[in-house]
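A.B. asks: Residues per chain, in single letters:
Protein chains: 2
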Amino acid sequence: MTALLKSLLIIAATLMASVTHAVAADQQPVLRGTGNLGIIVERTTGSLVIFDATERRMISRVEGLGDLSHASAVFSPDERYAFIFGRDGGLTKVDLLTSSIVHRVMQAGNSIGGAISDDGTLVAVANYEPGGIKVFDTATLAEVADIPATWTGGRSKTIGLEDAPGRRFLFSLWDAGETWIADFSKGNTPQITKLTGMGDRPYDALVTSDGRYYVAGLFGEDGLTVVDLWQSPLTPRRILRGYGNGETKLPVYKMPHLESWALAGNRFVLPAIGRHELLWVDARTFEETNRTAVYGQPVFAVAGPDGRNVWVNFAHPLNDTIQVVDSLTGSIVKQWKPGPAVLHIEFAPRGHDVWVSVRDANVVQVYDAYTFEKKAEIAANSPSGIFLTARAHRMGL
Amino acid sequence: MTALLKSLLIIAATLMASVTHAVAADQQPVLRGTGNLGIIVERTTGSLVIFDATERRMISRVEGLGDLSHASAVFSPDERYAFIFGRDGGLTKVDLLTSSIVHRVMQAGNSIGGAISDDGTLVAVANYEPGGIKVFDTATLAEVADIPATWTGGRSKTIGLEDAPGRRFLFSLWDAGETWIADFSKGNTPQITKLTGMGDRPYDALVTSDGRYYVAGLFGEDGLTVVDLWQSPLTPRRILRGYGNGETKLPVYKMPHLESWALAGNRFVLPAIGRHELLWVDARTFEETNRTAVYGQPVFAVAGPDGRNVWVNFAHPLNDTIQVVDSLTGSIVKQWKPGPAVLHIEFAPRGHDVWVSVRDANVVQVYDAYTFEKKAEIAANSPSGIFLTARAHRMGL
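Just so you know, the protein sequences line up as chains X and A, in that order. So the first sequence is numbered by our numbering: it starts at 47 and just counts up by one. So the second sequence is numbered by our numbering: it starts at 47 and just counts up by one.
No lab work stands behind these hints: they were computed from the structure. Worth double-checking, as some hints may not be accurate.
Repeated chains share a single entry, so a pair holds when one copy, or any two copies, can fit it.
[What the hints assert, rightly or not] When the alpha-carbon atoms are kept at most 25 Å apart in a straight line, the in silico BS3-like pairs for lysine-lysine are as follows:
#1 K383 <-> K421
#2 K240 <-> K383
#3 K421 <-> K380
#4 K421 <-> K240
#5 K420 <-> K240
#6 K240 <-> K380
#7 K380 <-> K232
#8 K232 <-> K421
#9 K420 <-> K232
#10 K420 <-> K380
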């Protein structure tokens, strides 16, 4: 072989390597916006489906997220990264553009959701075991703060973890009946404020979309507790006390979720615990205005951004049905059976599409919010939660 | 040269071409999320600055957008594309990831803003000359509909173009005192509904963030007109009639902007036209509750997503100042001079940062919403409007 030939072969080999690299680069995810992405939690396989909410189609699957049997998610402000809170204490940062796990930490033994700070720098997780919250840097998942929920009875399970304006997190202590505020506005060493007398066993909570009110549902008594975060001093106020009127409680098949409580017109609507009712509450006074009898024990009662209609799903064994309630009249305008085990309902940020997971049909359905026509389906393994990246821009989700 | 050598050279040349292509591909913009992007309108140079709102730094500049002396923007649902409405009738689609113009049409002689439909498929522009609106496909900017604002007096200037749920656009006819609804819910041939008796010369309008109310400001009389889009039939209702109480009107140096009217707690706050006052209006009854005396003629009165504080800028010659008003008490909590010609104020979607353009200092400043500390500056040529991509997920912006 001549020297020239040899040189050419080396050049060719080098170029081939470059091209191989270039081809690999071409297989990298395409340049795209992230504002219309979403994820579907596949609860039994510990995986996520990433989907395009405009084209209503699956993009990819990410596996290896552990126990997702009661999982939820928040998103970074750029809407590129999802932070997944698993039931097993796993906190996973997923890159939605490369469909890969960026970081993953096992931060507790048993967890129940989390929140991201308004500036996008801190992610917090509420833990049952050991009870308390932990706070992490969103860039690295390095631990920033560990806040044990210690009270006179030991360590309490924590629930109802929500973000509030000014780098604050609020959460409640199931065993202690307290709500704590962890304020990171001065840096990464939080100032802790403890509110006692929140009531018997707060089981979930919400922050209103303006960040003003923290509302905790109570498992141990008929009623809820609200804190107006604009007032000083902060004073828990019981609302809807005795909404069950001493009637025999039904067994609770599934705890309703409060985070999705909807502002519908001038009223909040919320699922009554253990009752086949929605409660309508004046958004200023927090007094009950009326009730709507529904098909079963409501789990989610979700309004779109227009607050016009409220979509409701139900606890087992009536969990094959959705009812849509008109928020002006409180009447039921539509009822149908999407399929077995309707677990979650998510509105598009401007409300035109509604995403519904039907676990035992292994499908997520997309409905027109106004005509109720089914527009599309995405196959998924035992889908539960559906989360659109648009949540990144909202408080209290 | 042997045949083998020749073949190798051809292979080498082919590979070299591939590598060159691959290198060009590497110079493409990096993979990134789009939820934290924003644009600054550079009004005198017909250009945009694209910036990263998390890192608070400029990414790139896009030129060639024509007359941007009164420009505004909306965004596609994926937050990748901006649609820029120029004063000269130019409608430009800009790719924020590649910093390039994708499409550009001169669709009228003189325009005044636009809107994007809730499903992201239609973009509409309000035109002074010839009066009416035009509607385009967001993918291609192909014309979908041309709706001349014809009334008994000829063709009216159109203003106050807003989106509403269900693929609808609302706009007002300056000369005719009418508001029209173009409903594209059944397809791309709109159903037009005309509301007469809106008042003397509507000059701007807003849709509330829930899409329920369309509110038009009136230039020709003291008052505004509201339409409740949830009621049938649609009935314009005059509010704040005679808020000037027959006092001598000040000359109006700059028309206030209504699109940014803020829901602050239970009240809307709005800039009084030609007066050194903010008007507070009950968000349910639309009755005036109180007023705040401010430094000059307000132009923008903008609340963050928490509605806690309202930031106000002023018309010439008092346009070097910002006042911040507490929405609970109506009192002024902060006042300072960012510099000459403060033109626009934009809150981060979760409210922690506030972006302020200071035209004659050629700078955009970023403030902490709670401490008022200046966090960063971005240089820009005569900056006016600042628009964050998070607007993609909200109605009426």
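A.B. asks: Give a verdict on every hint.
C.D. replies: Checked hints:
Within a single copy, K383 and K421 get their C-alpha atoms as close as 16 Å, which meets the 25 Å cut-off; across copies the closest is 52 Å, which misses it. For the homomeric pair K240 and K383, neither the shortest alpha-carbon distance inside one copy (44 Å) nor that between copies (39 Å) is at most 25 Å. In this assembly of identical chains, the alpha carbons of K421 and K380 lie at most 25 Å apart only when taken from the same copy (17 Å versus 50 Å across copies). In this homomeric assembly, K421 and K240 never come within 25 Å of each other (Cα to Cα): the closest approach is 48 Å inside a single copy and 31 Å across copies.
With identical chains, the CA atoms of K420 and K240 are never at most 25 Å apart, being 47 Å at best within one copy and 32 Å at best between copies. When the C-alpha separation of K240 and K380 is checked against a cutoff of 25 Å, the pair qualifies neither within a copy, at 44 Å, nor between copies, at 30 Å. Proximity of K380 to K232 under the C-alpha cut-off of 25 Å is restricted to the inter-copy arrangement: shortest distance 20 Å between copies versus 49 Å within a copy. Only between protomers do K232 and K421 lie at most 25 Å apart by alpha-carbon distance; the minimum there is 15 Å, versus 48 Å within a single protomer.
Only between protomers do K420 and K232 lie at most 25 Å apart by alpha-carbon distance; the minimum there is 16 Å, versus 49 Å within a single protomer. In this assembly of identical chains, the alpha carbons of K420 and K380 lie at most 25 Å apart only when taken from the same copy (14 Å versus 51 Å across copies).
Hints 2, 4, 5, 6 from the list above are not met by this structure, while the remaining hints are.
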